[in-house]
Amino acid sequence: MRRLAVSFSAALAVAALVTPAEAGAATRGDIWFLRAGEPVSVGRSAPGVPGLVRSLLAGPTKRERSDGVRSAIPVGTPLLGLRIDRRVVTVDLGARFAQARDETALTSRVGQLVRTLRSVPGVTGVRVRIEGGIPVGLFPGYDLRRTVREPLDVDRPTSVRATQLLLADLGFLAPTGVTGQSDEETAVAVLAFEKWAGLPRDGLLDDRVRATLDRTTRPQPLLRRPGKRVEVDLARQIALLVVDGRVERVFHISSGAGGRTPSGSFRVYRKERLSWSVPFSTWMPWASYFVGGIAFHAYGSVPAYPASHGCIRMMARDAPLLYAFATYGTPVDVLWRQA
Amino acid sequence: MRRLVGLLTLTLALAAPAAAADAPPPARPTSLVVALSLGDSGLQAGVVRGREVILARGFEVELARLLARRLGGRVVRFIDVRPPGRLLAAGAPGWHLALASIEPTPEARGTAAFSAPYLTTDLAVVLRRGLERPRGLAGLRTRLVCVARGSDALPVVARTVRPVRPPLVAPGRERLRTLLRTGACDAAVVPAWQAGALIGGRGRLFGPVAGRIEHGHGLVIAVARGSGLDPADVDRELRRLRADGSLGRLARSWLGLDPAALRRLR
Numbered sequence: 001m002r003r004l005a006v007s008f009s010a011a012l013a014v015a016a017l018v019t020p021a022e023a024g025a026a027t028r029g030d031i032w033f034l035r036a037g038e039p040v041s042v043g044r045s046a047p048g049v050p051g052l053v054r055s056l057l058a059g060p061t062k063r064e065r066s067d068g069v070r071s072a073i074p075v076g077t078p079l080l081g082l083r084i085d086r087r088v089v090t091v092d093l094g095a096r097f098a099q100a101r102d103e104t105a106l107t108s109r110v111g112q113l114v115r116t117l118r119s120v121p122g123v124t125g126v127r128v129r130i131e132g133g134i135p136v137g138l139f140p141g142y143d144l145r146r147t148v149r150e151p152l153d154v155d156r157p158t159s160v161r162a163t164q165l166l167l168a169d170l171g172f173l174a175p176t177g178v179t180g181q182s183d184e185e186t187a188v189a190v191l192a193f194e195k196w197a198g199l200p201r202d203g204l205l206d207d208r209v210r211a212t213l214d215r216t217t218r219p220q221p222l223l224r225r226p227g228k229r230v231e232v233d234l235a236r237q238i239a240l241l242v243v244d245g246r247v248e249r250v251f252h253i254s255s256g257a258g259g260r261t262p263s264g265s266f267r268v269y270r271k272e273r274l275s276w277s278v279p280f281s282t283w284m285p286w287a288s289y290f291v292g293g294i295a296f297h298a299y300g301s302v303p304a305y306p307a308s309h310g311c312i313r314m315m316a317r318d319a320p321l322l323y324a325f326a327t328y329g330t331p332v333d334v335l336w337r338q339a
Numbered sequence: 001m002r003r004l005v006g007l008l009t010l011t012l013a014l015a016a017p018a019a020a021a022d023a024p025p026p027a028r029p030t031s032l033v034v035a036l037s038l039g040d041s042g043l044q045a046g047v048v049r050g051r052e053v054i055l056a057r058g059f060e061v062e063l064a065r066l067l068a069r070r071l072g073g074r075v076v077r078f079i080d081v082r083p084p085g086r087l088l089a090a091g092a093p094g095w096h097l098a099l100a101s102i103e104p105t106p107e108a109r110g111t112a113a114f115s116a117p118y119l120t121t122d123l124a125v126v127l128r129r130g131l132e133r134p135r136g137l138a139g140l141r142t143r144l145v146c147v148a149r150g151s152d153a154l155p156v157v158a159r160t161v162r163p164v165r166p167p168l169v170a171p172g173r174e175r176l177r178t179l180l181r182t183g184a185c186d187a188a189v190v191p192a193w194q195a196g197a198l199i200g201g202r203g204r205l206f207g208p209v210a211g212r213i214e215h216g217h218g219l220v221i222a223v224a225r226g227s228g229l230d231p232a233d234v235d236r237e238l239r240r241l242r243a244d245g246s247l248g249r250l251a252r253s254w255l256g257l258d259p260a261a262l263r264r265l266r
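Heads up: the protein sequence lines correspond to chains P and H, in order.
For the first sequence, position 98 (counting from the first letter as 1) is numbered 98 according to my numbering, and the numbering increases by one without interruption.
For the second sequence, position 239 (counting from the first letter as 1) is numbered 239 according to my numbering, and the numbering increases by one without interruption.
Chain P with its partners taken away, still in its complex shape:
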């Protein structure tokens, strides 16, 4: 009887599709699944909206599964009915669709359904029904009492601003750097983050960086010491400003090539806003010396690898911040640890 009802509903849906009002809506669309938790279109389509939904519910093919494609929708979820009214598709599914305890899985199910149906030209929204009823609170993030127009961004920053906000939250970017524009300051913050996370050091805000940002916590200092201090991680080529064990900022640096920056525990003993390097005949703005003639200072070129004669090069925007932080006597711990 239920099968009959589904067939009837599907027939109605097909009929609805070919009505003049819906004629503009193509009867083909993309099927959306997940790969490594991320939405992915598998590049196959099915005729008609009911066919599309059935293909989605059937899950990925064997070949797609071998390619890492998965579905958050339980296999065997029945399609109980489908209706199209004013370019909004109402899909009635069996209770199986709502059975799960994992919030992410539940949210992803609706995401897959909405992405798939929204890929049909002309479809502007989706209504989800379970056994003919309205789901309330079952799919976190979605208010299914209303028509869903867009899928959620499943806890992922996709805009530049969202990514900048995360970089600032983690200490890689100054709060003033959250501009929504992909600029040099953001690229440097991304580079510092890549160094911390052990990613290829290219400063590009790509999917890998975004995905890693989603599961990263604030950098932890290697040494647990009270008070204000600077920790230099030679392996990762970053400097951490630490206050009472909490990392306040992380800076991209370039230390001495060939291990010319000595490791050890030192203190800032000399500060010059514009220092002249006698042996190398160059100006070193915002210099904070901590051992011998070795200092943190601003420099025009700060590559992603150790490149200096021993000093710690910093970006022109970052050096004044470290200069202000590291007062006379501030401990500087230069450490080598595996990234």
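No lab work stands behind these hints, which were simulated from the structure alone.
Any given hint could turn out to be false.
[What the hints assert, rightly or not] Just some of the chain P residues that point at chain H, by a computed CB distance under 10 Å: (1) 103; (2) 129; (3) 130; (4) 131; (5) 135; (6) 136; (7) 139; (8) 141; (9) 165; (10) 170; (11) 215; (12) 217; (13) 218; (14) 245.
[As the list claims (entries may be wrong)] Anything over 10 Å on all C-beta distances counts as not near chain P; from chain H, calculated: (15) 89; (16) 149; (17) 243.
[Claimed, not checked] Some, not all, of what chain P presents toward chain H, calculated at C-beta under 7 Å: (18) 132; (19) 138; (20) 335.
The beta-carbon is built from N, C-alpha and C at its ideal position, and this holds for glycine as well.
Fit chain H to the supplied structure of chain P, relying on the hints for placement.
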């Protein structure tokens, strides 16, 4: 004549209480109608057709099922009352029990009697990863505390923790979670029953739940007047559920942690 009227009045006066005492109390229902107000995935969520809840789950739903069984209800029917404010409005409620995150108000006592609390609304302190667990509230004073906008955590934090830096107010739970994960906040203060959902099974990205700040409130069950159910029976069964660990198990299962088991921070 006057004596006769007096005697009759006296007889009636004496008979009235006896008659009232003889009237049978409302029979305890075997089919219970439980009012919900669906919305929170941990406490109660489901599928509604009209007013009928055709699929329900969550901490409060499972608690209602457990209680109903123990109170002799063989069949439990859930209804969704929306908006939640209508639950305790005057008039015949159309339900026997209501479990809908109710905090009792004096005005509502006309419609329903209330049980003892089944879930504390104390606030939990969730720490960022890498932060040492404070011994007490004083240990949080110098830390940057975050709260979610709209929660009642802000005045409680101001009163009990008295932080050196003003708390950071996040626009929502998702942002609060991000601020805590990224260490932009040292600690998040949230209703204790939401702490498990905040961490969301991703404990590796967060620190421990340091404890709870007593807030003095709790969620209670409303028992409709004239429903045939005695609030004292509900309280007794709640005590038993707490004593045999069922309530704690339900909380851990649906909320991620048992708020009652958290250490009290002073």
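Okay, the hints, checked on the actual structure:
Given the 10 Å rule on beta carbons, the hint for residue 103 of chain P holds: about 6 Å separates it from the nearest Cβ of chain H. Because the beta carbon of residue 129 of chain P sits about 8 Å from the nearest beta carbon in chain H, less than 10 Å, this interface hint is met. Hint on residue 130 of chain P holds. Least Cβ distance to chain H is approximately 5 Å, under the 10 Å limit. A distance limit of 10 Å between C-beta atoms decides the matter here; for residue 131 of chain P the minimum to chain H is near 6 Å, and the interface restraint holds.
A distance limit of 10 Å between C-beta atoms decides the matter here; for residue 135 of chain P the minimum to chain H is near 5 Å, and the interface restraint holds. The restraint placing residue 136 of chain P at the interface with chain H holds, with a minimum CB-CB distance near 4 Å, inside the 10 Å limit. Interface hint at residue 139 of chain P: satisfied, since its Cβ lies 8 Å from the closest Cβ of chain H, which is below the 10 Å cut-off. This hint holds: residue 141 of chain P has a C-beta 8 Å from the nearest C-beta of chain H, less than the 10 Å allowed.
The beta carbon of residue 165 of chain P comes within 8 Å of a beta carbon in chain H, closer than 10 Å, and the hint placing it at the interface holds. The interface hint given for residue 170 of chain P is met, as the beta carbon of that residue sits about 5 Å from the closest beta carbon of chain H, less than 10 Å. Look at residue 215 of chain P: its Cβ gets to within about 7 Å of chain H, closer than 10 Å, so that hint holds up. With its C-beta approaching chain H no nearer than about 5 Å, residue 217 of chain P sits inside the 10 Å limit, and its interface hint holds.
For the restraint placing residue 218 of chain P at the interface with chain H, the shortest Cβ-Cβ distance is roughly 3 Å, inside the 10 Å limit, so the hint holds. A cut of 10 Å between beta carbons decides the hint on residue 245 of chain P: the least distance to chain H is about 8 Å, and the hint holds. At the 10 Å boundary, the C-beta of residue 89 of chain H stays outside the reach of chain P, the nearest C-beta of that chain being 20 Å off. In this structure residue 149 of chain H is separated from chain P by more than 10 Å, as the shortest Cβ-Cβ distance comes to about 16 Å.
Non-interface status of residue 243 of chain H relative to chain P is upheld: no Cβ of that chain comes within 10 Å, the nearest being about 26 Å off. At a threshold of 7 Å, the smallest CB-CB gap from residue 132 of chain P to chain H is about 6 Å, leaving the interface hint in force. Evaluation of the residue 138 of chain P hint against chain H yields a held restraint, the C-beta minimum of about 5 Å falling below 7 Å. For the restraint placing residue 335 of chain P at the interface with chain H, the shortest Cβ-Cβ distance is roughly 17 Å, beyond the 7 Å limit, so the hint is violated.
Of the numbered hints listed earlier, the single one contradicted by the structure is hint 20.
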